[in-house]
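There are 2 protein chains.
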Amino acid sequence: METYPITIGKITRHVPVVETLPGVHIPLVEIMGDVELVQAAAEGLVKHLPPETDALLTLETSPIVLAHAMSAICGKPYVVVRRKRRPYMQDPIIQEVESLTLGVSETLWLDSRMAEKLLGQNVALVFDVVSSGGTMRALEKVAQRAGANVVARLAAFHQGNSKLPVTFLSAIPILQTA
Amino acid sequence: METYPITIGKITRHVPVVETLPGVHIPLVEIMGDVELVQAAAEGLVKHLPPETDALLTLETSPIVLAHAMSAICGKPYVVVRRKRRPYMQDPIIQEVESLTLGVSETLWLDSRMAEKLLGQNVALVFDVVSSGGTMRALEKVAQRAGANVVARLAAFHQGNSKLPVTFLSAIPILQTA
Chain Y
1 METYPITIGK ITRHVPVVET LPGVHIPLVE IMGDVELVQA AAEGLVKHLP
51 PETDALLTLE TSPIVLAHAM SAICGKPYVV VRRKRRPYMQ DPIIQEVESL
101 TLGVSETLWL DSRMAEKLLG QNVALVFDVV SSGGTMRALE KVAQRAGANV
151 VARLAAFHQG NSKLPVTFLS AIPILQTA
Chain C
1 METYPITIGK ITRHVPVVET LPGVHIPLVE IMGDVELVQA AAEGLVKHLP
51 PETDALLTLE TSPIVLAHAM SAICGKPYVV VRRKRRPYMQ DPIIQEVESL
101 TLGVSETLWL DSRMAEKLLG QNVALVFDVV SSGGTMRALE KVAQRAGANV
151 VARLAAFHQG NSKLPVTFLS AIPILQTA
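Just so you know, the protein sequences line up as chains Y and C, in that order. Residue numbers for the first sequence follow the UniProt record's numbering, beginning at 1 and rising by one. Residue numbers for the second sequence follow the UniProt record's numbering, beginning at 1 and rising by one.
There may be inaccurate statements among the hints.
For chains that are exact copies, the list does not tell them apart, and a pair is met inside one copy or across any two.
Claimed, not checked - For lysine to any residue, the following SDA-like pairs were computed, each having C-alpha atoms within a straight-line distance of at most 20 Å:
#	residue 1	residue 2
1	117	13
2	163	140
3	84	96
4	84	48
5	84	61
6	84	105
7	84	18
8	117	28
9	76	12
10	117	17
11	84	106
12	84	60
13	76	51
14	84	109
15	84	107
Just so you know, these hints were derived from the structure itself, not from any lab.
Input sequences plus hints: build the corresponding full structure.
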């Protein structure tokens with residue numbers, strides 16, 4: 001199996017390379033299940049939180065553990081936006097994700113009880129991997145619709161060459177084959 | 001808003017009570033976003049891990065942070081079973097959940113690369129809330145199909161009166177109205 005080395009702080013992992021489209025290979029980053037890597041990323045990212053940050057905002061599934069670990073370090077609360085409607089939701093914020101990469105639509109859901117916690121708050125968006133940025137833009141819209149002010153866009157990894165205004169710890173390439 | 005007090009160790013939260021079926025109200029437990037409650041539950045549950053435990057097995061979404069926190073304490077790895085097929089999955093284990101409560105079927109997915117990590121391992125199942133137990137039984141089948149041996153069934157909360165062989169820290173009721 002072909003692998004690619006990814007590094008955060010002192011932690012290096014040799015992750016599998018997967019073919020997502022014909023001729024397009026990407027290193028497959030998976031932070032869930034890796035306590036050391038998540039802790040290293042959390043320690044790196046909390047240093048980039050603006051002092052005025054009130055809360056962290058993330059979405060399911062994989063970045064949740066990162067937001068959780070950052071929250072444990074910095075003491076600021078975190079809120080998780082869902083990718084699926086949950087039965088208990090009342091009057092949720094519903095936000096479509098425009099994803100050019102996959103050509104399929106996805107929907108984000110935030111229960112009104114969670115949205116209330118964001119009203120008037122300065123929030124930092126937390127991702128594990130950002131590539132095209134479509135999902136991050138959708139999360140930003142959720143934050144704005146909840147009445148929050150986005151003060152930081154943070155990601156452990158940035159994949160590809162987009163010019164997104166994202167603060168990240170490690171760049172990972174999209175590998176092309178001839 | 002009606003609330004109900006739930007307690008783990010020294011942490012008490014007054015959670016909203018929601019009506020899931022006409023006349024049936026349940027306290028809505030949400031551990032995601034609550035670092036203190038997750039840490040208390042993790043500290044409580046690691047004490048119930050049999051010494052022969054090699055790994056923790058959980059599923060998305062909400063119990064992931066609990067498994068992560070337990071892993072950070074006890075040093076044993078954790079694996080997350082998905083509720084949705086991911087594009088990178090190769091030859092996944094696919095397991096239906098028989099849920100009598102909701103009357104709808106759900107499917108669990110575990111990539112073969114993750115399943116390989118469970119082969120021959122003694123695993124502890126980790127849940128935040130167990131009620132009917134249908135999801136826990138499905139997760140146990142995933143573990144068995146991956147070649148693992150289930151040595152513990154752990155949950156922070158047990159809801160209702162089922163006679164499941166589950167080790168839990170706190171019982172929460174199903175509230176009936178006349």
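* Asked: At most 20 Å between C-alpha atoms: does residue 84 with residue 61 qualify within a copy, between copies, both, or neither?
  -> Classified as both: same-chain Cα gap 11 Å, cross-chain 11 Å, threshold 20 Å.
* Could you place residue 76 and residue 12 in one of the four classes (within, between, both, neither) given a Cα distance threshold of 20 Å? => Between copies, since 19 Å is at most 20 Å while 28 Å is not.
* Identical-chain pair category, residue 84 with residue 18, by Cα at 20 Å -> Answer is between; shortest inter-copy Cα gap is 18 Å, intra-copy 26 Å.
* **Up to 20 Å CA-CA - residue 60 versus residue 84, copy category** => both (9 Å within a copy, 12 Å between copies)
* Homomeric proximity label, residue 117 with residue 17: Cα distance no greater than 20 Å -> For residue 117 and residue 17, only the inter-copy Cα distance (18 Å) is at most 20 Å; the intra-copy one is 39 Å.
* Asked: Between the shortest in-copy and the shortest cross-copy C-alpha distance, which are at most 20 Å for residue 84 and residue 96: within, between, both, or neither?
  -> both (11 Å within a copy, 18 Å between copies)
* Within a copy, between copies, both or neither: where do residue 84 and residue 107 come within 20 Å Cα-Cα? -> The answer is both: 7 Å in one copy and 14 Å across copies each meet 20 Å.
* Between residue 117 and residue 13, at a C-alpha cutoff of 20 Å, which is it: within one copy, between copies, both, or neither? -> Cα proximity of residue 117 and residue 13: across copies only (16 Å, versus 36 Å in one copy).
* To do: Measure nothing new, just compare the shortest in-copy and cross-copy C-alpha distances for residue 84 and residue 106 to 20 Å and report within, between, both or neither.
  => So residue 84 and residue 106 pass the 20 Å test inside a copy (9 Å) and across (13 Å) alike.
* To do: Classify it for me, residue 84 with residue 109: is the Cα-Cα distance of at most 20 Å met within a copy, between copies, both or neither?
  => both (6 Å within a copy, 16 Å between copies)
* Pop the pair residue 76 and residue 51 into one bin, within, between, both or neither, using alpha-carbon distances up to 20 Å. => Within one copy only: 11 Å inside, 35 Å across.
* Alpha-carbon proximity context of residue 84 and residue 48, limit 20 Å -> neither (30 Å within a copy, 32 Å between copies)
Hint 4 alone, counting from the list given before, is not met by this structure.
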